[in-house]
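Engineer: Next come the chains, spelled out residue by residue.
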Amino acid sequence: MELIDRYVYAVTEQLPEDMKEDVSKELRSNIEDMLPEDYTVEDVKAALEQLGNPWKIAEEYQPKQRYLIGPALYSQYIKLLKLVLGIVMTIVAAITAFDWVITPPSEGADPSSFAEMLVEAIATVANGGLQAALWVTLIFVAIERGWFGITRTKGLAITDDSWSVKDLPSLPVQSTKISRTGTVIAMIAALLGTAIIYFRPELIGFYVRGDNGVYTIYSLLEAKRLQLYIPFILVLVLIQMILFVWKYIVQYWNTRLWTVYTLASVLIGILLIVMVNDTALFQESFFIEVAQLFDASLSSVLKQREMIERVIVVSIVIITLWDAVDSYMKTRKVKQKKS
Amino acid sequence: MDSTEELINSLMVELKRGTLVLLVLSQLHQPEYGYSLIQKLEEKNAPIEAGTLYPLLRRLEKQQLLKSEWDTTESRPRKFYMLSEQGKEVYAKLKSEWQTLSQQLAAILMEENV
Chain A
45 MELIDRYVYA VTEQLPEDMK EDVSKELRSN IEDMLPEDYT VEDVKAALEQ LGNPWKIAEE
105 YQPKQRYLIG PALYSQYIKL LKLVLGIVMT IVAAITAFDW VITPPSEGAD PSSFAEMLVE
165 AIATVANGGL QAALWVTLIF VAIERGWFGI TRTKGLAITD DSWSVKDLPS LPVQSTKISR
225 TGTVIAMIAA LLGTAIIYFR PELIGFYVRG DNGVYTIYSL LEAKRLQLYI PFILVLVLIQ
285 MILFVWKYIV QYWNTRLWTV YTLASVLIGI LLIVMVNDTA LFQESFFIEV AQLFDASLSS
345 VLKQREMIER VIVVSIVIIT LWDAVDSYMK TRKVKQKKS
Chain B
103 MDSTEELINS LMVELKRGTL VLLVLSQLHQ PEYGYSLIQK LEEKNAPIEA GTLYPLLRRL
163 EKQQLLKSEW DTTESRPRKF YMLSEQGKEV YAKLKSEWQT LSQQLAAILM EENV
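Residue numbers (the numbering used here), protein chains in the order written: chain A, 45 to 383; chain B, 103 to 216.
Heads up, some of the hints might be wrong.
Only pairs whose alpha carbons sit at most 27 Å apart, straight line, appear in this in silico DSSO-like list of lysine-lysine [what the hints assert, rightly or not]:
id, chain 1, residue 1, chain 2, residue 2
1, B, K118, A, K108
2, A, K69, B, K195
3, B, K195, A, K100
4, B, K146, B, K118
5, B, K164, A, K100
6, A, K89, B, K195
7, A, K108, B, K169
8, B, K118, B, K195
9, B, K169, A, K100
10, A, K123, A, K100
11, B, K142, A, K100
12, B, K142, A, K108
13, B, K169, A, K377
14, B, K169, A, K64
15, B, K190, B, K169
16, B, K197, B, K169
17, B, K195, B, K169
18, A, K64, B, K146
19, B, K142, B, K197
20, A, K291, A, K123
21, A, K69, B, K197
Some but not every residue of chain B turned toward chain A, in silico, with C-beta under 10 Å [what the hints assert, rightly or not]:
id, residue
22, P133
23, Y137
24, G153
Label-pair ranges, simulated between beta-carbon atoms [stated by the list, open to error]:
id, chain 1, residue 1, chain 2, residue 2, range
25, B, T174, A, R110, 31 to 37 Å
26, B, L196, A, A170, 54 to 60 Å
27, B, D104, A, I229, 55 to 61 Å
Simulated from the structure, these hints should not be mistaken for laboratory data. Where is the CB? At the ideal position from N, CA and C, for every residue including glycine.
Pulled out of the complex, with its shape left as it was, chain B reads as follows (with noise of 0.2 Å):
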């Protein structure tokens, strides 16, 4: 029993994993920061771990999705993030992609309980 366990577990982390982009994606209109967006995602019931978040950041910034900028105003330098012109773009057409992709996969699931 254990697992099976182990497989749903490691399923779910894949199945995750591949939502991960358009989720941090869909909260970078206006500028967070990396504790900021943990929480405002904690909130939303769409938790994710702070090990991954960090560098998934970057790595969007790298591919130029993402811009960046310090803020030293405030007693704690932070650095926020924000959706590129590129980025916006690219979300819009993850989003739709992602709408049609359930829509289908959720029409398939019904038919089954039929």
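The shape of chain A in the complex, shown without the other chains (with noise of 0.2 Å):
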């Protein structure tokens, strides 16, 4: 009867493979078991009707979580999508904003070509936005199936459903809280670092302003060695951006997230000094315009330049040790607070 087999299609649709043949199979039966003997497709209809809308049913049956992100996190997605994807327009247009003052089109050149430009520009802008966005949301997506550890529960930083009063937050404490501003300002870095990097490598250097007025850049990064660290570089932001969110809804340091910005800044730190240690990285015309411009000799910046080297490996390596025991000692405080 195909009105039967229409309705139970219907119902067992959208379920899982691995469900889809038993429910058919129980469902059909069922439905057999209500019809008398020799019935009519007026009995059939009857049945089904009297059975109700197979949608409604396909949704009892349905075993999987229906939505991305549930009711305890959506206003905090809301809030931190229009802030990530402020800051990502932001920078991203002053970027492209920055371009233009470094290389105006030049004088009397044809308008459309303006058009142009500033078409692309918005594109530029338009594509950063919705990669934020796009990320922001896998991250919520995430949080929300519980791969962080974290409950879908208002304190996300309880792992299991029993919670005691001890668990209750103490109200705001400079020391212990984990500062949205200082959260904020060190996304806005981190974009801004990145976006530079990946788009415009070029602008890292120093700035001559020639007679005409347009500016000569002479540019610290290899930008070809600089292309086998991108890779790297995308991996570790997406991870600080999965540390934003983190820390922006947990508030308070616990013991997990500890670990993963611990081991999070220590890669960060490795790639850093592998970056500052590959002299292939670095362009050389640009120390022979650092010793023209100072008068000095090539051999002597480049001596200057090894200390400087020392000077930013030693600085890592102290304040990834410094930040990964501060914030170890403000998870330790925060437990305190609770036994």
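Please dock the two separately framed chains into a single complex, following the hints provided.
Structural biologist: Here you go:
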């Protein structure tokens, strides 16, 4: 009977493969049970109508979570989405605008090329916004699914459903609370840095203004060599983004957050040290220009450069260690407060 | 007046929904299949909608309160459900909870009548 087939199909269409067949078989046998022997089309119609809306039944059968971001996280999602979108689009717009200042469209140029540039700039900004929205959404979906070990309930720092009075957050104390302003500033800095390295690495360098008012940039970084590092940088930035969102939501340190945070900063530290020590990453012309500018010999500039390298490496190690210890102390403080 | 009626209806649905699991578990000391359970409950004046019952049986099976078996000996294959050991335990506990609850509620509602 085609009507029965269609009804069963409507119910089971969206169900996961592993239960589809069994549900179909059972539903069919149940429907046939409702029918008298030698039934007519009218009987089938009556039985199916009695059984009710097949999509409603399908929903009852559906074992999967049927939302991406639930009500507990929704308002924070919207808030962070706006925040990150604002930051990213501003940064991309700023870099594009900066680009124009450095290399202005030549005077008397075809107005249509100006329009083209404007369209391109808008497209770049929109694209940056879309990327940001996508990643923030994915991070929230992951949090919603418990991939970061925090529950969907308001007490996001509690890892299981059992809560006691001691889990209640202590009233805001600046020393243990993760500053939201700090988190946002760090996010802006990280995104700005990445955007420059990703879109316009040649902008890092020093600028000499020529007689005609146009700047010449002596870039520090070798763009080709930099390509090698881009994937690592992007992965680390993504981890940073996850940490930003996580910190923003949880607001207090916990052991798991601290572990991931410290691991990420150690990785960033290692990457930076490797990059600083990679001589092929830096353009020789930059140092030649510096030598000329300060009336020094190239060899003395390169010697200075080695010094600076060492200072940078030592600072990276100290900052990373200090940050890890500092956040660890805060994590412990939060724990002590609770017990 | 219509909205009061609607409100009562939706509250009734909620009230009944809470007792549904208990009702279904109570009838599954011996194996039943979907339609036989519907008829059984209808006879006992506790009708349940088929569209609600079938998915519910499956959910209870997934929660391991019920075990199931396909019977293919008859002309039409049927899936039979029955209480599992865990299901029996849960049912006993739920039953006593319900009895306490309904007694308490009855006593409270009686007070009002005086």
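Engineer: Run every hint past the structure and note whether it holds.
Structural biologist: Verification of the hints:
| no. | hint | verdict |
| --- | --- | --- |
| 1 | K118(B) / K108(A) | 25 Å, holds |
| 2 | K69(A) / K195(B) | 33 Å, violated |
| 3 | K195(B) / K100(A) | 31 Å, violated |
| 4 | K146(B) / K118(B) | 15 Å, holds |
| 5 | K164(B) / K100(A) | 20 Å, holds |
| 6 | K89(A) / K195(B) | 41 Å, violated |
| 7 | K108(A) / K169(B) | 21 Å, holds |
| 8 | K118(B) / K195(B) | 19 Å, holds |
| 9 | K169(B) / K100(A) | 25 Å, holds |
| 10 | K123(A) / K100(A) | 33 Å, violated |
| 11 | K142(B) / K100(A) | 24 Å, holds |
| 12 | K142(B) / K108(A) | 31 Å, violated |
| 13 | K169(B) / K377(A) | 50 Å, violated |
| 14 | K169(B) / K64(A) | 19 Å, holds |
| 15 | K190(B) / K169(B) | 11 Å, holds |
| 16 | K197(B) / K169(B) | 20 Å, holds |
| 17 | K195(B) / K169(B) | 19 Å, holds |
| 18 | K64(A) / K146(B) | 32 Å, violated |
| 19 | K142(B) / K197(B) | 19 Å, holds |
| 20 | K291(A) / K123(A) | 14 Å, holds |
| 21 | K69(A) / K197(B) | 32 Å, violated |
| 22 | P133 | 14 Å, violated |
| 23 | Y137 | 3 Å, holds |
| 24 | G153 | 4 Å, holds |
| 25 | T174(B) / R110(A): 31 to 37 Å | 34 Å, holds |
| 26 | L196(B) / A170(A): 54 to 60 Å | 56 Å, holds |
| 27 | D104(B) / I229(A): 55 to 61 Å | 57 Å, holds |
Violated hints, in rising order: 2, 3, 6, 10, 12, 13, 18, 21, 22; the structure is consistent with all others.
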